[in-house]
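All chains, full assembly: derive it from the sequences and hints.
In case you want the letters, here they are:
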Amino acid sequence: MIRIKELEKVYRTEDVETVALNKLTFEVKEGEFVAVMGPSGCGKSTLLNIVGLLDDPDSGSFLFNDIEVVDFNERKRADLRKRNIGFVFQSFNLIDELTVFENVELPLIYLGVKTDERKKRVEAVLDKMQIMHRRNHYPQQLSGGQQQRVAVARAVVNNPRLILADEPTGNLDSSNGNEVMQLLTDLNEQGTTIIMVTHSEHDARYSHRIIRMLDGQTVTENILV
Amino acid sequence: MIRHYIKIAFRNLWKKKTFSLINIIGLSIGLTCCLLMAIYIRHELSYDHFQEKGDRIVRVIMEYSFGGAIQKGNFTSTKVAPSFSRNFPEVEKAVRMSGTSRVMRYEEKLFNEKSFVYADSTFLDIFSFKLILGNRAQALSGPNVVVFTKSAAAKYFGDENPVGKIVTVGSGSVPYTVTGVMEDCSSNSQIKFDFIGSFSSLGVTQENTYWDANFTTYLLLRSASAIHTLQPKIRPFMQHEMAAEVSGKDYVTYELEPFKDVHLYSPYDGFEPNNSITYIYIIAAVALLILAIACFTYINLSTARSIERAKEVGIRKVAGAFKNQIFWQFIGESLVISVAALLISTVLACLLLQPFNNLADRNLAIGSLFSPAMLLFELVVILCITLLAGSYPAVILSGFQPIRVLKGAFKNSGTGLVLRKSLIVFQFIISVFLIVACFVIQKQLEYIRSKNLGFDRDHIVVLPMDQKMKANIATVKTVFTNNPGIRSVARVNNEPINIVAGYSMRRADMAENQSIIVNANVVDEDFAKTTGVHFIAGEDFSEQDMKDVEYEDQEKKQYHYILNETAARELGWTPAQAIGKKMFLGTHRPGTVKGVIKDFHFSSFHNPIKPLVLFNENWGNYLLVKLSGENMQQTIEYLESSWKNLVPHRPFEFHFLDDNYNKLYNSEHRLGKVLNTFAAIAVLLAMLGLFGLSAYVIQQRNKEIGIRKVLGASVANVVALLSKDFLQLVIAASLIAFPLAWLVMNKWLQDFTFRVSVGVWIFVAAAFLIIAIALITVSFQAIKAAVSNPVKSLRTE
Chain A
82 MIRIKELEKV YRTEDVETVA LNKLTFEVKE GEFVAVMGPS GCGKSTLLNI VGLLDDPDSG
142 SFLFNDIEVV DFNERKRADL RKRNIGFVFQ SFNLIDELTV FENVELPLIY LGVKTDERKK
202 RVEAVLDKMQ IMHRRNHYPQ QLSGGQQQRV AVARAVVNNP RLILADEPTG NLDSSNGNEV
262 MQLLTDLNEQ GTTIIMVTHS EHDARYSHRI IRMLDGQTVT ENILV
Chain B
101 MIRHYIKIAF RNLWKKKTFS LINIIGLSIG LTCCLLMAIY IRHELSYDHF QEKGDRIVRV
161 IMEYSFGGAI QKGNFTSTKV APSFSRNFPE VEKAVRMSGT SRVMRYEEKL FNEKSFVYAD
221 STFLDIFSFK LILGNRAQAL SGPNVVVFTK SAAAKYFGDE NPVGKIVTVG SGSVPYTVTG
281 VMEDCSSNSQ IKFDFIGSFS SLGVTQENTY WDANFTTYLL LRSASAIHTL QPKIRPFMQH
341 EMAAEVSGKD YVTYELEPFK DVHLYSPYDG FEPNNSITYI YIIAAVALLI LAIACFTYIN
401 LSTARSIERA KEVGIRKVAG AFKNQIFWQF IGESLVISVA ALLISTVLAC LLLQPFNNLA
461 DRNLAIGSLF SPAMLLFELV VILCITLLAG SYPAVILSGF QPIRVLKGAF KNSGTGLVLR
521 KSLIVFQFII SVFLIVACFV IQKQLEYIRS KNLGFDRDHI VVLPMDQKMK ANIATVKTVF
581 TNNPGIRSVA RVNNEPINIV AGYSMRRADM AENQSIIVNA NVVDEDFAKT TGVHFIAGED
641 FSEQDMKDVE YEDQEKKQYH YILNETAARE LGWTPAQAIG KKMFLGTHRP GTVKGVIKDF
701 HFSSFHNPIK PLVLFNENWG NYLLVKLSGE NMQQTIEYLE SSWKNLVPHR PFEFHFLDDN
761 YNKLYNSEHR LGKVLNTFAA IAVLLAMLGL FGLSAYVIQQ RNKEIGIRKV LGASVANVVA
821 LLSKDFLQLV IAASLIAFPL AWLVMNKWLQ DFTFRVSVGV WIFVAAAFLI IAIALITVSF
881 QAIKAAVSNP VKSLRTE
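Here the protein sequences line up with chains A and B, keeping their order. Under my numbering, think of the first position of the first sequence as 82, with each following residue one higher. Under my numbering, think of the first position of the second sequence as 101, with each following residue one higher.
Just to be clear, a hint being listed does not mean it is correct.
Think about it this way: if two alpha-carbon atoms lie no more than 27 Å apart in a straight line, the pair counts; the simulated BS3-like pairs of lysine-lysine are [as the list claims (entries may be wrong)]:
#1 B/847 - B/773
#2 B/681 - B/657
#3 B/214 - B/847
#4 B/423 - A/195
#5 B/250 - B/230
#6 B/551 - B/570
#7 B/543 - B/710
#8 B/117 - B/411
#9 B/568 - B/656
#10 A/195 - B/568
#11 B/423 - A/200
#12 B/847 - B/884
#13 B/411 - B/521
#14 B/411 - A/157
#15 A/200 - B/411
#16 B/265 - B/255
#17 B/577 - B/629
#18 A/200 - B/107
#19 A/157 - B/629
#20 B/698 - B/763
#21 B/193 - B/153
#22 B/209 - B/744
#23 B/193 - B/172
#24 B/847 - B/763
#25 A/200 - B/115
#26 B/629 - B/682
#27 A/201 - B/193
Short, incomplete list of chain B residues facing chain A, as computed with Cβ under 8 Å [stated by the list, open to error]:
#28 416
#29 418
#30 423
#31 425
#32 499
#33 502
#34 711
Hints listed in this document are in silico derivations from the structure and should not be mistaken for laboratory results. Note that this is a predicted model, so its numbers are computed, not measured. Glycine residues also receive a C-beta, built at the ideal position from the N, C-alpha and C atoms.
This is the structure in structure tokens:
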């Protein structure tokens, strides 16, 4: 599903160059659950952003479903992204002005799904995430675990083939964290590919494969399954 | 999708009530100005458009040269209309008109009517004024008939049908038959009247001469383009007509003015003062400027909020929003604000219409705010504002990179900060400019108010009189002065604040063609006492002097003159030399100089003090009554009751000389008021803009403020640090505005011969004012930031 070859990304400020990705090569197959680990600044978030089509590499190749996407313009990337990729963030990133229902509905609006169909699908996913009873609440009225469940619901509502999770349990206590990891595992079992960046060895153990990064390169791969 | 946008727009507006309110208020103020000015401009542009034959009507302007001086004006003799009708096939009809004031009486109702117009019977054929009662073909035929407007008819006759009733007109109480009732003149008509009397009632010679040009002539041409064929024929025609009367380089000719152009393009007034197309352009520019300032404020406030909205934009993009979808979402918000502002400003415009009417000296109706054209205009303005004010913030916001804003590493690079600072500087340039302009105008008006005119204008009551009162004027004066509250009473032709009557004068030993143009005023022996003018040589008129002109036989009359210093100087005399010298006023008034008075201001400060002659004829238009200043109310009541006994044929009307003096500067007072209003609006909007920018910048520097405080900076340090940058902007704006204001206001002052200087303190005061305003605005935000807990700002990073 994802084939990355000799990917380079350098951040430049006036007099400092920071190499975030250094000729990284990396592959994820359909249906895999991959955890990316490494110390701060090793490039794992940059990798996630590029895979999520939120950022451009400087050079190298990135095939998404065998299509080269490196040269895509913003509009094409946004289009590909909204049909195929869901995101889960450490800080949930829900819109404060929208209710739970409306937050989850957002990707469907941008996909152009009809109102009735939207309602059905949002309710289904809220049900699945066991947060239906909170549908009319605003994010600030929910606990962290509930907020992250809403975020996961939003990530999966358009049935993406790939979920990118950036330290999804980072802001949660262990029991809420476990719940979210279980959700992701369930999704993976239903066929969704997951790439998760994490600092937590505990969380990483939910995955099939752990990639460890240092200075913009992968250093080891542990296959867990 | 649209519903979603509107929903989120409302929620955002609601959540940030202060910001939304400031935004809406700012735009509402700008829009209100814009709406009011738009209906005003529309009204002015619509002048005389209701005249169905307006395109074919022209006004005749007389131009003549006599001894090298060219005179031009909206006056013609009675001969032009009949002569042109006969001689030029282009002319279909012609009408002569004359506006005047007349005392009118019907039974017990007695008024001095100021809008009485005489017109030929063709008036009703040429103009489209609607006759409600009476026969259009005959209403103005024959002498001594009059047509009332609807409201004038109601004033005299109530609900009765006035047609056929007899009213008396003028000091001679001539009976006139009412032959019709007309619709009131619409406010956008250059010809305004309450009464139209038939021209033949005037008893003037009908076509003897091209001189005695005291009337207005309009021609109805056969086609609109006929003006081009007719105009070149007039000069040769008039050369032929006047061959016997003028010679050498002297000439008489006429110019044709398209009727519809008079109100905005002619230097010569219609039956009311004209407007000028230049003013219309200025007003349109000001309206746009205010709207632009309001939009700038909106831009500044909206972009100030961009950091708060950044996260939302990031999430939306991650959730699949295209850049243009985000862009339209923010445009949608701007639309909601604009529409809210439009609704508020429509209400405001309705509420402010009356004060605005007073300011503009118009009578615009509320309905004009809702005419189809205005609604269309509002729609266009709303779309413009939405796009103009909304697109910059929308572009900025929709351009945010989601990874930056979501990872918390978001920092505004400062793009656009230069633009926003420029907008603020621009707003403050206008504010400072207007503040200086207001100060200068106030200073000049204060100077006008307080300047000694050379005579005492306080406590002088002016009573209009007429020639019928000549007979018992002595009795009137005696009865008046019997009251202890009345010091003296004088009879004059013109009020001393504005002596306009023009004559020629010369020394007895000068040739007739060496005459000097002077202003002259008919006065009696009590004028000097009543007004307190100062004699520097000779003496005042005596009662005997007044008797010296009371002969029927012109030969026996003896004229006496009092000159002002300038008149004496122009005749080549020192004040002392002038006394007893022989001179002429006009061609037929030989007389001697009795006294010389100190120059006083007898016209507005726009003009230098010109030569003035006071002379003793036995008529007048006004009585000047000098009151002691005590028990004014009782004294005026006494004047009124005595007047009713002594002058039963005239209503008692009075005003204070000082009020009329102030009216001389009406346009300056109005300009002052208009500029004060604009200055207040501009300053308010600039404050809102600065408030927005400071909020934005301080938000950006939150972390810096936190670090500084941790390192020991006091609140005062932080406030000073934050205010400094904004003060620089305001000072820069002042430095640009000052020379501009200095130039423009000096130009304005040039119109006054007697004027104040702009003066350094005005700039100092303006600078202090604007800096204080800026500091107050910024310190709101700065103090809030400075006292906040640094731990909070550091943790958010």
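Going through the hints against the structure:
no., hint, result
1, B/847 - B/773, "19 Å, holds"
2, B/681 - B/657, "17 Å, holds"
3, B/214 - B/847, "36 Å, violated"
4, B/423 - A/195, "21 Å, holds"
5, B/250 - B/230, "10 Å, holds"
6, B/551 - B/570, "35 Å, violated"
7, B/543 - B/710, "25 Å, holds"
8, B/117 - B/411, "20 Å, holds"
9, B/568 - B/656, "23 Å, holds"
10, A/195 - B/568, "91 Å, violated"
11, B/423 - A/200, "25 Å, holds"
12, B/847 - B/884, "45 Å, violated"
13, B/411 - B/521, "25 Å, holds"
14, B/411 - A/157, "22 Å, holds"
15, A/200 - B/411, "25 Å, holds"
16, B/265 - B/255, "14 Å, holds"
17, B/577 - B/629, "14 Å, holds"
18, A/200 - B/107, "17 Å, holds"
19, A/157 - B/629, "95 Å, violated"
20, B/698 - B/763, "24 Å, holds"
21, B/193 - B/153, "12 Å, holds"
22, B/209 - B/744, "13 Å, holds"
23, B/193 - B/172, "24 Å, holds"
24, B/847 - B/763, "22 Å, holds"
25, A/200 - B/115, "26 Å, holds"
26, B/629 - B/682, "25 Å, holds"
27, A/201 - B/193, "81 Å, violated"
28, 416, "7 Å, holds"
29, 418, "5 Å, holds"
30, 423, "6 Å, holds"
31, 425, "7 Å, holds"
32, 499, "10 Å, violated"
33, 502, "5 Å, holds"
34, 711, "78 Å, violated"
Hint compliance for this structure: hints 3, 6, 10, 12, 19, 27, 32 and 34 are not met, and every other hint is.
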